[in-house]
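A.B. asks: Listed below are the residues making up each chain.
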Amino acid sequence: MKRTLQDYKSVIEPVWCPGCGDFGVLASLQKALLTLDIPPENIVTVSGIGCSGRLSHFVNTYSLHGTHGRAVPTALGAKTANPDLTVFAVGGDGDGLGIGGGHIAHTARKNVDMTYLLIDNRIYGLTKGQSSPTSPYGQKTKTSPYGVFEDALSAIPIFLAYDVSFIARANGLDSKTLTQILIEAISHKGMSIVYIFSPCRTFPVLDSKGLKAMLQPLPDDHPREDKLKAMEMAYCEQPMYTGIFYQVNKPTLEDRLQSVIKKSWDMGNKGEEFSLQQILHSFA
Amino acid sequence: MNNMKDSSDIDFAIRIAGEGGDGVLSAGELFAQAAARTVYHVFTYITYPAEIKGGFSMIQIRIRSGTIHSMGSSVDYLIVFNQEAYDRTIGDLKEGGMLIYDPDEVKIKDDLKTKFYPIPLAKIVMDTVGAKLGKNVVALGALGQLFGIEFGVLEKLIKDRYGDKGSDIIENNLKALKAGYEAGRANKWEQKYNLVADTQAKVHYMLISGNEAVALGALVAGCRFVAGYPITPATPIFETLTNLMPKVGGRAIQLEDEIASLSACIGAAFAGEKAITPTSGPGLQLMGEQLNLASMLEVPLVIVDVQRGGPSTGLPTKTEQSDLKFAIYGTAGEAPRIILAPTSVEDAFYQTIRAFNLAERFQMPVIILTDQSIGYRKATVRMPDLTKIIEVDSSVHSDDISIPSPEKIEIAYRIEANPKELNGYKRYLDTVDGVSPITRPGLEGGQYLSGGLEHDETGKASYLPHIHSQMMKKRFKKLEALGKALEKNPPEYEGPEEAKIGVIGWGSTEGAIHEARLLAEERGILFRHLQPKVLSPLPERQIRNFLSGLKQVIMVEENYTGQFAHFIKAKFGIRPIEIHKCEGVPFTPEEIFNGIEKVERIINEENIARL
Chain C
33 MKRTLQDYKS VIEPVWCPGC GDFGVLASLQ KALLTLDIPP ENIVTVSGIG CSGRLSHFVN
93 TYSLHGTHGR AVPTALGAKT ANPDLTVFAV GGDGDGLGIG GGHIAHTARK NVDMTYLLID
153 NRIYGLTKGQ SSPTSPYGQK TKTSPYGVFE DALSAIPIFL AYDVSFIARA NGLDSKTLTQ
213 ILIEAISHKG MSIVYIFSPC RTFPVLDSKG LKAMLQPLPD DHPREDKLKA MEMAYCEQPM
273 YTGIFYQVNK PTLEDRLQSV IKKSWDMGNK GEEFSLQQIL HSFA
Chain D
27 MNNMKDSSDI DFAIRIAGEG GDGVLSAGEL FAQAAARTVY HVFTYITYPA EIKGGFSMIQ
87 IRIRSGTIHS MGSSVDYLIV FNQEAYDRTI GDLKEGGMLI YDPDEVKIKD DLKTKFYPIP
147 LAKIVMDTVG AKLGKNVVAL GALGQLFGIE FGVLEKLIKD RYGDKGSDII ENNLKALKAG
207 YEAGRANKWE QKYNLVADTQ AKVHYMLISG NEAVALGALV AGCRFVAGYP ITPATPIFET
267 LTNLMPKVGG RAIQLEDEIA SLSACIGAAF AGEKAITPTS GPGLQLMGEQ LNLASMLEVP
327 LVIVDVQRGG PSTGLPTKTE QSDLKFAIYG TAGEAPRIIL APTSVEDAFY QTIRAFNLAE
387 RFQMPVIILT DQSIGYRKAT VRMPDLTKII EVDSSVHSDD ISIPSPEKIE IAYRIEANPK
447 ELNGYKRYLD TVDGVSPITR PGLEGGQYLS GGLEHDETGK ASYLPHIHSQ MMKKRFKKLE
507 ALGKALEKNP PEYEGPEEAK IGVIGWGSTE GAIHEARLLA EERGILFRHL QPKVLSPLPE
567 RQIRNFLSGL KQVIMVEENY TGQFAHFIKA KFGIRPIEIH KCEGVPFTPE EIFNGIEKVE
627 RIINEENIAR L
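These protein sequence lines map, in sequence, to chains C and D.
Counting in my numbering, the first sequence runs from 33 upward without gaps.
Counting in my numbering, the second sequence runs from 27 upward without gaps.
It should be emphasised that the hints constitute simulated quantities derived from the structure, not laboratory data.
Check before you lean on any hint, since a few could be wrong.
[As the list claims (entries may be wrong)] Straight-line Cα separation of at most 25 Å, DSS-like style, residue types lysine-lysine; simulated pairs:
hint: 1; chain 1: D; residue 1: Lys191; chain 2: D; residue 2: Lys79
hint: 2; chain 1: D; residue 1: Lys486; chain 2: C; residue 2: Lys63
hint: 3; chain 1: C; residue 1: Lys41; chain 2: D; residue 2: Lys486
hint: 4; chain 1: D; residue 1: Lys182; chain 2: C; residue 2: Lys302
[Stated by the list, open to error] Partial list, derived from the structure: chain D residues whose beta carbon lies under 8 Å from chain C:
hint: 5; residue: Lys228
hint: 6; residue: Gly468
hint: 7; residue: Glu470
hint: 8; residue: Gly477
hint: 9; residue: Leu479
hint: 10; residue: Ala487
Because the structure is a prediction, the values reported are computed rather than measured.
C-beta: ideal position from N, C-alpha, C; glycine also.
Work the whole structure out from these sequences, hints included.
C.D. replies: Right, dumping it as structure tokens:
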């Protein structure tokens with residue numbers, strides 16, 4: 033039987049505020065999954081804390097709504113334990129660039145075959161309007177009543193420095209393009225990050241009009257494997273580019289672990305798996 | 027070792043002490059290995075500095091013709107490499123014992139009541155191989171000669187250990203070994219013991235540390251996923267598993283911190299794997315939020331905390347039993363978990379298997395509390411017969427799964443939902459014992475939401491008062507069910523029924539308390555000794571049975587505040603006398619005996635029941 037969008041929707045209705053950008057992200061993800069025809073039971077969705085963290089409730093997958101900032105290493109564990117699964121990590125700008133920022137570098141180094149949806153609204157929306165790592169300088173929020181006095185974090189250059197093997201930025205309100213990018217990200221063998229702008233209606237820092245004026249697609253001939261060019265485009269703020277900045281092929285964590293397993297069998301046991309009794313006898 | 031009829035009764039301890047970097051520990055370990063290949067049992071105890079080089083370092087090896095429970099209270103043979111080692115350890119040498127020392131490094135007291143033999147370790151190694159390194163191998167040679175270990179046995183051990191370091195290294199080591207052996211012979215010392223190799227020893231026994239025992243137990247339990255972050259003194263578990271896991275087709279990964287490590291274990295367990303993370307107190311503390319989450323999601327996983335001296339960075343290389351309260355209660359809110367405390371190296375192997383069985387069957391995190399003294403101690407452990415492993419399916423009730431032992435090892439798995447009955451599947455179905463059948467990713471129709479927010483039986487987030495009340499109860503019911511199951515086990519205490527004193531310890535103090543009990547018995551003081559291996563939940567009826575008829579309870583712990591005593595006092599309303607040691611080193615049997623003797627005198631004088 034042919035799958036429909038309905039197969040990727042859980043029975044739980046989204047609880048986001050009307051007009052929230054996250055609706056668009058959810059719909060694009062479901063469309064991408066349907067296009068790729070991935071069986072829902074083979075999908076694990078791990079999310080962090082924040083409005084975007086609720087996304088795992090609304091997809092009909094094996095969903096794990098974890099703690100603040102830890103979606104990425106949790107997803108890593110699921111993928112490593114069962115490499116046949118399609119694994120997502122989902123979180124916001126606070127989750128992924130604030131409290132959990134440290135995990136991205138090390139997941140990138142392992143090139144875990146998973147897709148990380150980092151959904152940025154430039155504000156802490158769920159806790160009702162405090163400044164986030166990407167809130168612009170001068171922005172008044174509940175915890176920056178005189179304006180944010182730090183500089184906003186620019187994430188794409190960081191991901192490039194970490195050598196994440198697939199890096200894209202998208203406008204969450206442009207569902208068609210986002211869906212296309214997600215299809216490529218999910219199909220990519222290795223760690224893919226899709227960094228998505230998704231305006232918060234209740235504590236607006238971004239809005240639809242502003243996003244349109246701010247963003248522009250990368251040129252069609254942008255060379256994806258050229259890191260320096262990607263870096264140049266990533267640092268450009270006027271316009272701010274969307275699309276796939278960077279994509280390279282390198283061994284995934286599973287490839288690396290398989291080669292470790294092979295080495296261990298070759299070194300001590302002529303290419304065969306060790307029995308437990310053999311292991312115990314090596315301690316005699 | 028299985029063949030005991032040729033061996034006379036022996037029991038003695040050797041200590042080698044020097045400076046970190048002297049190779050004291052490797053010489054001691056090689057000697058222990060040689061001793062383990064005889065008919066005798068071996069037990070080692072190590073202290074080492076937190077610094078990479080320098081600092082006091084020692085290894086003690088006890089050799090006995092039966093099971094060894096502790097490092098003993100004193101030393102029969104002492105080898106010291108330098109003055110500090112001499113000053114710090116000479117007081118532990120028995121009257122009539124034997125001292126071996128480097129006369130160029132150590133000035134001994136004139137009035138020593140022991141035999142003493144100078145061997146210029148540094149000079150010998152300089153003369154033989156023209157280097158400073160290798161005193162330890164000279165000492166090993168001399169010791170080997172003293173105890174009648176055949177030269178060939180030592181030669182083979184050296185080759186096995188340094189085999190991959192090049193022929194020059196091997197050759198120099200063998201020269202130093204030979205020189206040490208000759209120096210020993212030249213002493214014409216009295217050779218009291220003959221440690222002749224036994225061909226069967228390797229078949230029937232392993233010589234492993236407590237840390238290695240945990241790693242091996244995990245593999246036997248079917249764990250094929252480890253994620254960790256190096257931390258003293260738990261690192262050897264992680265190192266052993268990173269080496270062994272690929273050999274059995276499993277996955278071992280080092281992550282960026284302890285939070286990520288436990289997160290990865292949660293993800294792996296969610297995906298259906300048996301997962302473990304080894305750590306020590308400071309790491310367990312970082313894992314707090316994820317420990318909470320594991321409890322809330324009801325994922326089975328195992329955390330090992332090899333406790334060290336705290337608080338903060340504390341004493342990274344020393345032992346302490348001070349994470350118990352954090353293990354039982356730590357984390358936000360009230361999140362059930364099971365706490366196990368292995369009592370010996372061998373027990374660490376079996377309790378680790380048990381930890382996985384309990385985690386799987388009760389779907390919650392299990393914390394194994396060992397400590398540096400068990401982790402770094404090596405002991406001869408009976409070779410488990412893996413043909414005796416029985417994998418039990420869901421038809422076997424959790425209450426009927428036996429405690430893993432050398433006689434029987436049962437391996438349990440989580441209770442899975444019937445794939446044919448997934449219509450309306452509720453991941454958090456509220457059952458009689460609180461355990462809900464689980465599905466694993468890949469199973470069609472088994473998809474569910476698992477979340478850290480309070481949720482109803484389907485997994486949907488809910489803040490309704492009656493849901494929170496129901497689900498708290500559901501999660502804790504599992505702990506109660508286990509508590510009841512524990513009552514069926516044989517009582518975990520020994521000692522005569524007529525004893526009026528009861529001693530309660532936990533974890534690694536078992537051996538020292540056991541030997542203190544035998545010491546006390548010799549001197550006419552009787553006590554009963556309880557050492558529960560599951561610390562939470564406790565088999566309450568069993569413990570009440572233990573307490574009944576006692577005039578005084580004594581609690582023995584290696585910490586400052588008496589953490590288990592707090593727990594026992596709150597649960598059973600008793601007023602124990604507490605014996606604490608918080609020095610970074612384990613109790614000796616004699617220290618415990620002295621404490622108990624004092625208590626015995628007091629209660630005899632007072633002649634009042636304090637219970």
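A.B. asks: So which hints don't hold here, by number, going up?
C.D. replies: No hint contradicted; all consistent.
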